[in-house]
Every structure is written in structure tokens, then in C-alpha cells.
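K.L.:
Keeping the supplied structure of chain A fixed, place chain B upon it in accordance with the hints.
Protein chains: 2
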Amino acid sequence: MALIVQKYGGTSVGSPERIKKVAQRVAKYQEQGHQVVVVVSAMSGETNRLIELAKTIQAQPDPRELDVVISTGEQVTIGLMAMALMQEGLQAKSYTGAQVQILTDSAFTKARILSIDEQSIRTDLANGCVVVVAGFQGMDEEGNITTLGRGGSDTTGVAIAAALRADECQIYTDVDGVYTTDPRVVPEARRLKNITFEEMLEMASLGSKVLQIRAVEFAGKYKVKLRVLSSFSEDFGQEGAGTLITFEEDNKMEQAIISGIAFNRDEAKITVRGVPDKPGIAYQILGPVSDANIDVDIIIQNVGVDGTTDFSFTVHRNEFAKAMDILKNKVQKHIGARDVIGDDKTAKVSVVGVGMRSHVGIASKMFRTLAEEGINIQMISTSEIKISVIIDEKYLELAVRVLHQAFDLDQEIL
Amino acid sequence: MALIVQKYGGTSVGSPERIKKVAQRVAKYQEQGHQVVVVVSAMSGETNRLIELAKTIQAQPDPRELDVVISTGEQVTIGLMAMALMQEGLQAKSYTGAQVQILTDSAFTKARILSIDEQSIRTDLANGCVVVVAGFQGMDEEGNITTLGRGGSDTTGVAIAAALRADECQIYTDVDGVYTTDPRVVPEARRLKNITFEEMLEMASLGSKVLQIRAVEFAGKYKVKLRVLSSFSEDFGQEGAGTLITFEEDNKMEQAIISGIAFNRDEAKITVRGVPDKPGIAYQILGPVSDANIDVDIIIQNVGVDGTTDFSFTVHRNEFAKAMDILKNKVQKHIGARDVIGDDKTAKVSVVGVGMRSHVGIASKMFRTLAEEGINIQMISTSEIKISVIIDEKYLELAVRVLHQAFDLDQEIL
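So the sequence lines, in the order shown, correspond to chains A and B. Per this note's numbering, residue 23 is the first one in the first sequence, and the count goes up by one each step. Per this note's numbering, residue 23 is the first one in the second sequence, and the count goes up by one each step.
To be clear, the hints were calculated from the coordinates, so they are not data collected in a lab. Don't take each hint at face value.
Chain copies aren't distinguished; within one or between two, either way the pair holds.
Claimed, not checked - No more than 27 Å apart at the CA atoms, straight line, and that leaves these computed lysine-lysine pairs for BS3-like:
(1) 43 to 245
(2) 416 to 367
(3) 50 to 77
(4) 355 to 387
(5) 43 to 77
(6) 352 to 50
(7) 132 to 350
(8) 243 to 42
(9) 42 to 77
(10) 350 to 77
(11) 367 to 50
(12) 344 to 132
(13) 344 to 416
(14) 367 to 344
(15) 245 to 132
(16) 247 to 350
Next comes chain A alone, as it looks inside the complex:
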């Protein structure tokens, strides 16, 4: 018998029929003797509907009140899920974040979990009850309703699993695991049976979008065994289903050098040229961009020549025009830069793998593979376990395919 926390996202609970399917899955787990806590998101589309509704009243909705409004999405799902479980003949009981209690800080719309009181859940589980918890939400010390930000339901699942010391936290999504790359681009892409937390962090932040990055961090911190599974597949409960996200130290097997190829289509690059090469310049360039709430991804500054340097970074394509406007009209003259140029027809491709730490030659293999296809590398950025390049977006699929092949990712590893 195991204690399993299962988290189902918005698509998995997107209709009454799907909610019933999830209840049937939970029933099978209980039949096998497991204790199950189900964490659910709002039904797909619901959170956006509520945000739009709020915006018809206030263009910039008050964060506290926005959380009051949008937290209702998950509250509806927990009630419906508990009902569906009862229809399957199970005992079930729902909890809002406040009812659990999931205590958070007071950063409305992006709160962080401080603690979880798991006693009531434990009692219910001991009584044979399936416990249904609203993802994405909590309560601050003053009793205000808070939400954890986009994808926060994953974090709720992991946090509940950590508090209960659950045997496994299963994240159900519309894919059946983490792949070596997107199968729509490379049909030979292979599901990874295991991936390390560090790799998962890089894959998630690089656009794999399977798991919220905070949830992965949280799982790493509290050593929660995390498994990504498809809520649409019929097999469940089997050993080896989905992708298990492991701690590196647990991973005794020979590690593949590269685990996957991540990519992001929506990258736009901006270069500020002829920037005086002096302290504080990076902040003077990125400060106004950040103030405008534009997220910056890769940042590169090369060694300067003759007292000036070029400063480059990438932003989401949707924010390219806004960022260019800020730089040209607010920053360029102020810092005495020569020019600001940009290109929103770029894409990012990354090879990710903990194995690359101890293996030389990954970078050169990557660059040679791209060169052989005539793909020009516009920017390069590296971390301990990944190498990212910015290329012309029209070569994106080609680059992903040739890299996938070059690193033998279509070959099953024992």
C-alpha cells in the first residue's frame, strides 16, 4: 500500500465526462490498496474566463480581489470531483486551499507556500476517504485567499506530497511523459523513463511545458518522487509508466550524456550596440525592460573592444516591439549607445543533460552538427547541463531533428 498524490490539470478535468474518467482512475488505485489524494486545477478555460470577467470591471484587477475571483475555478472542480468519486462508490471529501490549510505569504496572484497543515487529510485518508484538494490556491496568515500563479496546481500537488511524505506525486497531463524532444517535430522522439530534477528544470524552463518549474524545484528540495503521466492513456499503476523525475544521486545507471533537445519558437533577440563598457550598464539597459514587466531569457555580453561592447538578450516575441520601443526611446540616448537592433524571427534550441558535465565535446558536436546543415548560430549561452543557441527560426525543426539524431536520442538506453 502506498500513499499517492495525483494532480490533474485543466484539460484532464475539462468536462464532466473527463472528471468521471479521472474518478474511475482513482477508484482503480484505491482498489489496489493505495491511499489517494487528488489535486485538481480549474476546468480548462475557466481561469481565463474569470480573469477576463475581472478585467471588464478593472483593467488592472486588484490582486487580492482577483484571487478571490479566480480561486473559484478550482473550488468548482473539487466539488465536482468529490461527487464523481462518490458516484464510483468511494468516500470522498473536498478541501479548498484555505480549508487544508495551505498557508502562503500575501503575494496575491503569485503567492508562495509557507506551510501545510496535513492533519485533517491524514485523518480522512485513514478513514478510507479519497481527499480532493484545490490546486493553485492557499490562504495567508490573515485569512485572505491567495493564488500561486500560473501552473500553481503542480506546486500544490508536490507540496501536499511533501507534507504527507507521500510515496509518489503523479502529475497527470495531456502527454504521457517527458520526451527527448517534441514528437511533432521529431517522430523518433522517445519517452524518457527517467530524467533528473536538474535536467527537468532546464527542459521546463526551455519550453517543454510539461511541469511548472517551481513544482520541480519544490520536489527537488523536499525529495518528492515525481512522475509525469498521461491522464488519457489507459495504462496506469504500472511500474515504468510515464517519466519518473529522479534525484541524481539515486540514479545509479550509466547516465545518457544528453537527455533531450528543448526548443522555443517565440524567442526574439535584441542587441544594443556600441555600449560604453563600464559598470552599471547592464542594469541601465535591463532595468527599464524589467520595469515594463518584460521577461528576459538569455543575456549575453561579450568582451568589449575599444571601451565599448555589444549587449544582447532575448525576450518573448510578443514583447519584442515593446522592448525595442523602450530601448530606442528611453535607453539608447541615455547610456550613449550607438544603435539598437533586433530580430523577432529567431528561435532557441538547447541540448540538455547532466551527463555533459563530465563529457567534453558536447558543444563542439552540437556546433559541428548545425554547421554541417548550414545553420548559422547567432547567440550561444551555456549552463552546467545545457547549451542553448539562437538561430534563424526557419531552421528550427531542421536543427532539432539533426541534433536529436547526432546525440543518438532515438536509441533506447538500458
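P.N.:
Coordinates of chain B only, in the frame set by chain A:
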């Protein structure tokens, strides 16, 4: 400066535009120096939508979980209303029933309020804040979410007003007060400036539907000054707007004998004939009806003749077939009754007024008026301050009109 609780129903907050209108009204009250607590319902249609959603999962939704689901309706409105108030430049803060805390018993879907902790609301009001409270909902001692049943938002408004010892509880609705009868039937119907609690109770239960009957009882018990107003009219704050519901003892003026003519179109009558005239028979007839959750309105049993009697009662027209089925198949043979007959083409008309207590001749005037129009009276039921008759439904409008005229209800009273 007064402390005013304003309750807005689903139609008054039925769209973002209407929510903004309400916020403008509240702003004007605050400008006049009043402290305002706003109690809101779910946006119109929302509660029904949520109930239907629950029923797609469970034909008979679990009451605890149904309350979890449907309480989100008001929660959305409080957030939106607080935002709308901020847009008007006011400070505002929303509270769910649990956050207030409105403590109820655990009778899910029809809970009763036990106590209200009004301290946080008082603090917010003292700080110049408009407080927005979710109607219809509360929390039991174990922290479960409860709802108060249909129309429960009125009760919340009155209960909050009682807890705060508010100067007035204003119930905003889509009519501008309580009328002598339905103006759609009698164009000369007149808005009552005052009505007593007792009359209001009779009017509400007889189908006037302006106020939930529990709210009126609650207001009477805690001596809350209650005013019914239209949320669509432009005049507000004026003395004498809407209808003030008074305690009889406060009412020094000469009381009109009759305050209004209430009626109900959806009445179906059932008679069990030839019932053995012995103890326990009424329970044997109505027990199975009540067990089937069918509400019974008027009940009449006349003096028996030769050891048998006829037992009559009325039910809502929608439940006529179900009730007839129960009586014919479960009750008739069991109690040895001769026959069960029924008619679902009937209606109820009532004259209501505290003045009739001390005036003779009201009943005879009513019966004569109907007789003069050739309207046959099928059943009669009376209380201290009302006389109800069941008649053929085709005469309903005619009966209401002639009674309205006979009792001079179109004449303004000083």
C-alpha cells in the same frame, strides 16, 4: 452618518455593467457620510448553471460538495464588486461567508446562521472601507462551506445588519417596493410606504416573492429596520423611498384594514374523500407526501359526518402528478379512503392586513365581492391577518382586481 447594509440580488449584479451601477450607488451613499456594507448574490443564472453542472456528475449531488460548488457564485461577485468600488475611488474589501465568519449549522444547502463575527467588518468600516460580503453562504464549526438555501442572500443581509446593529438594511431588487398587489394584474396597484413584518410574512409566503420569508422573520426577531428598494431606480437615500417594513408597535398611524392582495397561480388542490375520521389520519395522508419532499400549502379538514371526513390540501402545480400518484397508490387503500380527486387548474387569492384583527366583516366582504362576480370559492383558509381562498384559476385576475377595488387599495392612505 448611518451604518447601512445594502443587499443586491442576482439581477442587480447580473452583468459587469450592473455591478458598476451598484458601485456608483454605493459611492453616493458613502459621499453622504454613511458607512456601507454590501451583501451580494451570485450573478443571475450562475447558481442554476452550477447546480446543472453538478447534476451532470451526480443526479442527486452530495449536499456538502454541492455547497462547495455553488458558493463560488457569490465569491465571484464579491471580488468583482470590490474591484468596481475601487474603480469608483473607494476603498473596498471582500469577504466570503467563511471569512466573515458567518457560522452556521451543518445542514448543507439549507443551513441556518448561528452567529456572526462582525469584528473585522467593524474595523474595515472604521478605516473608511466599504465591506463586500458574499450572501447565501457560511461555514460550520468544522470549517465546511455551507449555503443557506434559495434566497439566502436576503437572510445574510439581515443577519449582518443585526450583528452590526445597522441603522437600516436595504434590500435592492427589481421592484421598487411592496405593492398592494401585482401591478401587472391591477394597474392601479399602489406601492406601500410601510408594511408590518407580519403582513410582509404573509405577503412573502403568499407569493409576492419580494423578500425571502426567513429574512423577514430574522429582521423581526432582531428588530432590523428593513427597506425594499429598486436597484434600477435613480432615486436613493431619500426618506420614503421603497417600502419600509416596520414593527407593528412602532406604527402609530391608523392602520389600513387591508394592506394588499396576494395571489399564487401555481396552486393545485387534492382531496381525499371518505377518510375514516380517527386520530393519526392527517399524518398518514401527509407523511408520504412530505417524505417525497413535496411542500404542502393550505390544509383543510372539515368536521366529519357518519365517521368519515374529507381531507384537502394544496401543492405546487409541478408536483400535482407526483402527489396524486402517492395518494392513489400508497395512501388510499392503506387508510381505507373512498376516493382521491384533484384539480391543478386552481389558484389562491388572499387578502392580507394586520387591521383585520380588529375589524369584523372582512371575510364577508371578500366572499360577497367574489360572489357578485360569479366566482365560486372552492376552499377557504384563514389566519389572524389573512384570508385565503382557492378558486378556478381562470378567475384569478378578475378576483384580484375586484378585491383590490372593494378594499379601496388604490386609494392613498395618509
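K.L.:
Work down the list of hints and note, for each, if the structure agrees.
P.N.:
Comparing the hints with the structure gives:
| no. | hint | result |
| --- | --- | --- |
| 1 | 43 to 245 | neither (30 Å within a copy, 52 Å between copies) |
| 2 | 416 to 367 | within (8 Å within a copy, 75 Å between copies) |
| 3 | 50 to 77 | between (42 Å within a copy, 24 Å between copies) |
| 4 | 355 to 387 | neither (41 Å within a copy, 93 Å between copies) |
| 5 | 43 to 77 | between (34 Å within a copy, 16 Å between copies) |
| 6 | 352 to 50 | neither (60 Å within a copy, 42 Å between copies) |
| 7 | 132 to 350 | neither (31 Å within a copy, 62 Å between copies) |
| 8 | 243 to 42 | neither (33 Å within a copy, 46 Å between copies) |
| 9 | 42 to 77 | between (32 Å within a copy, 12 Å between copies) |
| 10 | 350 to 77 | neither (30 Å within a copy, 57 Å between copies) |
| 11 | 367 to 50 | neither (48 Å within a copy, 53 Å between copies) |
| 12 | 344 to 132 | within (23 Å within a copy, 53 Å between copies) |
| 13 | 344 to 416 | within (23 Å within a copy, 70 Å between copies) |
| 14 | 367 to 344 | within (16 Å within a copy, 69 Å between copies) |
| 15 | 245 to 132 | within (23 Å within a copy, 45 Å between copies) |
| 16 | 247 to 350 | neither (48 Å within a copy, 63 Å between copies) |
When held up to the earlier numbered hints, the structure conflicts with 1, 4, 6, 7, 8, 10, 11, 16 and fits the remainder.
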